[in-house]
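Asker: This is what each chain is made of:
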Amino acid sequence: MFDWVQHIADWLVYDVLNMQAKSHLAEALNFFIYDSAKILILLFVVIFFMGIVNSYFPIDKVKNYLSRNKLYGLEYLMASAFGVVTPFCSCSSVPLFIGFVRGGIPLGVTFAFLITSPLVNEVAIGLFIGLFGMKTTVLYVISGVLLGTFSGAILQKLNLEHLLTPWVKEVLANAQREQDTFQAEKKTFTERLPVIWREVIKILKGIIPYVIVGIAIGGLMHGYIPEGFFEQYMNKENLFAVPIATILAIPMYSNASGILPVVQVLVAKGIPLGTAIAFMMGVVGLSLPEAMLLKKVMSIKLIGIFFGVVTLCIIISGYLFNLIL
Amino acid sequence: MAINNLNTMTKIIKILGTGCQKCKSMTGVVKDVIRENNIDATIEKVEDIIEIMKYNVMSTPALVVNEEIVLKGRVPTKAEVLDFLKN
Numbered sequence: 001m002f003d004w005v006q007h008i009a010d011w012l013v014y015d016v017l018n019m020q021a022k023s024h025l026a027e028a029l030n031f032f033i034y035d036s037a038k039i040l041i042l043l044f045v046v047i048f049f050m051g052i053v054n055s056y057f058p059i060d061k062v063k064n065y066l067s068r069n070k071l072y073g074l075e076y077l078m079a080s081a082f083g084v085v086t087p088f089c090s091c092s093s094v095p096l097f098i099g100f101v102r103g104g105i106p107l108g109v110t111f112a113f114l115i116t117s118p119l120v121n122e123v124a125i126g127l128f129i130g131l132f133g134m135k136t137t138v139l140y141v142i143s144g145v146l147l148g149t150f151s152g153a154i155l156q157k158l159n160l161e162h163l164l165t166p167w168v169k170e171v172l173a174n175a176q177r178e179q180d181t182f183q184a185e186k187k188t189f190t191e192r193l194p195v196i197w198r199e200v201i202k203i204l205k206g207i208i209p210y211v212i213v214g215i216a217i218g219g220l221m222h223g224y225i226p227e228g229f230f231e232q233y234m235n236k237e238n239l240f241a242v243p244i245a246t247i248l249a250i251p252m253y254s255n256a257s258g259i260l261p262v263v264q265v266l267v268a269k270g271i272p273l274g275t276a277i278a279f280m281m282g283v284v285g286l287s288l289p290e291a292m293l294l295k296k297v298m299s300i301k302l303i304g305i306f307f308g309v310v311t312l313c314i315i316i317s318g319y320l321f322n323l324i325l
Numbered sequence: 001m002a003i004n005n006l007n008t009m010t011k012i013i014k015i016l017g018t019g020c021q022k023c024k025s026m027t028g029v030v031k032d033v034i035r036e037n038n039i040d041a042t043i044e045k046v047e048d049i050i051e052i053m054k055y056n057v058m059s060t061p062a063l064v065v066n067e068e069i070v071l072k073g074r075v076p077t078k079a080e081v082l083d084f085l086k087n
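If you read the sequences in order, they're chains A and B. Going by the working numbering, the residue at position 88 of the first sequence is 88; the numbering climbs one at a time, nothing skipped. Going by the working numbering, the residue at position 60 of the second sequence is 60; the numbering climbs one at a time, nothing skipped.
Calculated directly from the structure, the hints in this document are not laboratory data. Since the model is a prediction, treat every value here as computed from it, not as a measurement. Worth double-checking, as some hints may not be accurate.
In silico lysine-lysine, BS3-like type, Cα no more than 27 Å apart, as pairs [claimed, not checked]:
#, chain 1, residue 1, chain 2, residue 2
1, B, K31, A, K205
2, B, K22, A, K295
3, B, K45, A, K202
4, A, K202, B, K22
5, B, K22, B, K78
6, B, K24, A, K205
7, A, K295, B, K24
8, A, K296, B, K45
9, B, K54, A, K61
10, A, K187, B, K14
11, A, K186, B, K86
12, B, K22, A, K186
13, B, K31, A, K202
14, A, K296, B, K22
15, B, K45, A, K295
16, B, K31, A, K61
17, B, K11, B, K78
18, A, K61, A, K202
19, B, K78, A, K135
20, B, K78, A, K187
21, A, K202, B, K78
22, B, K45, A, K169
23, B, K54, A, K296
24, B, K78, A, K205
25, B, K22, A, K205
26, B, K54, A, K169
27, A, K61, B, K22
28, B, K78, A, K186
Restraint ranges, calculated between C-beta atoms of paired labels, are given here [unchecked claim]:
#, chain 1, residue 1, chain 2, residue 2, range
29, B, T10, A, M134, 54 to 62 Å
30, A, W11, B, G28, 18 to 26 Å
31, A, W11, B, N38, 48 to 56 Å
32, A, L248, B, K54, 35 to 43 Å
33, B, K45, A, K61, 23 to 31 Å
34, B, K45, A, S23, 54 to 62 Å
35, A, W11, B, E67, 56 to 64 Å
36, B, R35, A, L158, 49 to 57 Å
37, A, N69, B, E67, 28 to 36 Å
38, A, I225, B, N37, 28 to 36 Å
39, B, N37, A, M134, 47 to 55 Å
40, B, N66, A, K61, 21 to 29 Å
We put the CB at the ideal spot given by N, CA and C, even for glycine.
With the hints as constraints, model all of the structure from the sequences given.
Answerer: Here it is as structure tokens:
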């Protein structure tokens, strides 16, 4: 599918720049051009597709749906799945949380959405396809959705409503399954397209530098770290590897775009995929800046419990990945 | 004459957002439009989450013109803002 990208990379490096075909530098450069182009194309396609989906299913519709329908336990899965198609901006997490609570959506269901939304997003999916292939991507998306589902259900069982801040409790007391109306639903596709297009370009512009730097660092590491280097320290038999990787990841706040290309090289050099994915999920799914924002709606204790449950679920899914793959 | 009056009335613009990058971009765009087109308007930044939630928005930034939400969740173009302010 990407043969033509390889041809362009070959042509640029060996013909235009006239470099020696067997030289180390030429091969590294060729790999870098090919990888960057391939990943940017995939990112463009996935972000554009998600933009279309999101234009027809804005967050208000998601809220109305969850608020309106009795789903008999499936609401956690639905909320989590909606989290995949809704782009997440951490600065919107508080208004979103309140909107859900006000709509009478149970706390656990709201958590399910809040967990999956940053974890499985358009940028992560595009990068995953490019770096790890389709099979691993599908596994990542499924495990992300299940992680949100189970974490949400567990958090609901813990009855945590009393740990919300006072004004949110008030919102909760007045919650009603209301249906908000929203504008802009009756637009044709051609009317939507310019808006979607602008958003795609904006997202891409924001992440391109990170992706390029990530791939460059990954490329350098590729050439200098010997094959199987990490196997001696972080093999599958090492039971501490997954928890350590997850906990190390929590204070790291980076967007997936910069860190994924590096993770891919670590996997290629012997770190088990499950361990690497647990690390990834910790980086994108649990961030301290986000926790600070949530302080407006939750007590510190509730944020702690929230993070604790998600961390535990990430560790479990890391072990599962290592078992399956 | 009555219609003319309506158009020249000072518009009250509110930008709802907790101070993220997108909110800052939106404020910039709105300010530019007002200055470039000599529109009579006041801009108020609403950063308190409790105040923001009174407007029932779930994605920020949101643009409010004369107490009506006209856009939410993204940064508008200048043309869009001009359109909102002319109507």
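Asker: Against the structure, test the hints numbered earlier, and report the numbers of the ones violated in rising order.
Answerer: 16, 19, 30 and 38
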